[in-house]
Amino acid sequence: MSKPETLPSSLREKRRYIAFKINSEEKVEFGDLINALWSSILNLFGEVNTGDIDFWLVKDAWEKKSQRGLVKCNHKHVSKVRLAMALIERIGDSKVSIQSLGVSGTMKSAKKKYFGEKNLTDFQS
Amino acid sequence: MDFYDLYLPAEDPEEVVRSAENTEFTGLAIAHKYVDKEGLDGYLEEMDRLDSKVEPDLIRCCVVDAESPEELKKTVGKIRQKVEVVAVDGGDFDINKAAVGDSRVDILLHPEYKRKDSGMDHKTTKMASENDVVVGFVFHNLHQTYGKVRSHVLNHIKKCLKLCEKYDAEFIVTSGAGNKYEMRGPRELSSLLSVLGVEASLAIDSVSSTPKKIVKRNRRKLGGKTKRGGVEELE
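So the protein lines, in turn, are chains G and C. Each residue of the first sequence is one higher than the last, beginning at 2 in our numbering. Each residue of the second sequence is one higher than the last, beginning at 457 in our numbering.
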């Protein structure tokens with residue numbers, strides 16, 4: 002099945018990636034985290050505004066060991082996502098606090114800045 | 457002001473039309489999903505019978521649910537001369553593309569249906585604008601979803617609307633009611649677009665002047681007043 006073409010850059014919505022870290026009593030599973038984030042955003046802003054936020058939790062960027070991850074959102078609604086994350090105080094049975102580490106325009110730079118990820122070009126010079 | 461709902465896939469047409477008599481609708485299109493010629497003839501007879509009994513103007517609408525672009529073209533050719541409105545069930549991108557590329561099609565229904573994107577890109581929207589194919593959003597799709605999925609559907613509709621506004625493609629909202637409880641009034645339908653950021657006058661046009669234009673144009677064509685090549689017989 003074919004897909005629509007990528008829109009020209011002038012018509013594309015700009016996105017931001019928010020890096021976050023979870024401080025909790027027990028380690029949080031990805032499935033529980035995604036449910037908690039979605040319900041927090043939907044409760045706070047409703048279905049219509051949540052559509053505008055264009056929220057997405059990036060599965061590939063989730064690090065279970067260090068409890069860090071990335072969420073994607075529209076560049077105009079970064080503060081809304083930050084607020085929704087800050088309002089989460091419990092995931093499953095454990096108490097949690099979600100700390101946002103920073104915002105970046107690409108996944109690559111977010112991982113580099115906030116997760117300390119390095120690639121071969123960093124070892125040059 | 458005249459209001460139209462061009463997609464009502466009702467199982468019991470009379471019940472739906474009677475319930476719509478209390479709303480402001482002037483014209484209603486009971487949609488028939490095309491299967492074969494006999495089915496279409498039966499539908500047309502049923503509409504003729506119902507037309508004399510009820511108040512709103514009944515429009516003959518046929519929906520094509522094709523598996524491939526080739527099948528779509530073939531089916532549209534069979535039904536074009538028999539019904540006033542030809543709609544295509546969207547969702548599959550290949551079908552969406554074929555529908556907006558065919559000027560015999562009047563409406564492409566819910567291009568975002570069961571998709572993870574809006575189902576339209578800048579090229580297909582431009583084609584829709586050039587071929588006078590109207591993009592139809594179905595209100596009933598929002599009844600079937602809630603929470604996370606509904607927020608995604610709203611987001612996809614919004615993206616589609618933005619493209620339509622950019623490339624001057626027309627759009628309408630239909631209730632998609634299968635029974636009388638799913639029927640909604642014209643102002644409720646247009647409120648969906650207002651919430652998604654469409655200007656109030658354009659939102660009202662999507663249930664009034666745009667569908668009216670489609671019906672009027674096709675009635676003239678079927679009545680033999682429009683000749684080939686855009687030549688029209690004036691009174």
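Hints in this document: simulated from the structure, not taken from any laboratory. Some hints could be false.
To be verified - To give an idea of the interface, some chain G residues facing chain C are shown, with a C-beta separation under 10 Å as derived from the structure:
id	residue
1	Lys-4
2	Glu-6
3	Ser-25
4	Asp-33
5	Gly-52
6	Ile-92
7	Gly-93
Ideal Cβ positions, reconstructed from N, Cα and C, are used throughout, including at glycine.
Against the structure, the hints come out as follows:
1. Annotation: Lys-4(G) was flagged as interfacial toward chain C, and the flag holds, the nearest CB pair being 6 Å apart, inside 10 Å.
2. With 10 Å as the threshold, the beta carbon of Glu-6(G) comes within range of chain C, its nearest partner Cβ sitting at about 5 Å, so the hint holds.
3. The interface hint given for Ser-25(G) is broken, as the beta carbon of that residue sits about 23 Å from the closest beta carbon of chain C, more than 10 Å.
4. Nearest Cβ of chain C to the Cβ of Asp-33(G): about 15 Å, over the 10 Å cut. The hint is violated.
5. A cut of 10 Å between beta carbons decides the hint on Gly-52(G): the least distance to chain C is about 4 Å, and the hint holds.
6. A distance limit of 10 Å between C-beta atoms decides the matter here; for Ile-92(G) the minimum to chain C is near 17 Å, and the interface restraint is violated.
7. With 10 Å as the threshold, the beta carbon of Gly-93(G) stays out of range of chain C, its nearest partner Cβ sitting at about 19 Å, so the hint is violated.
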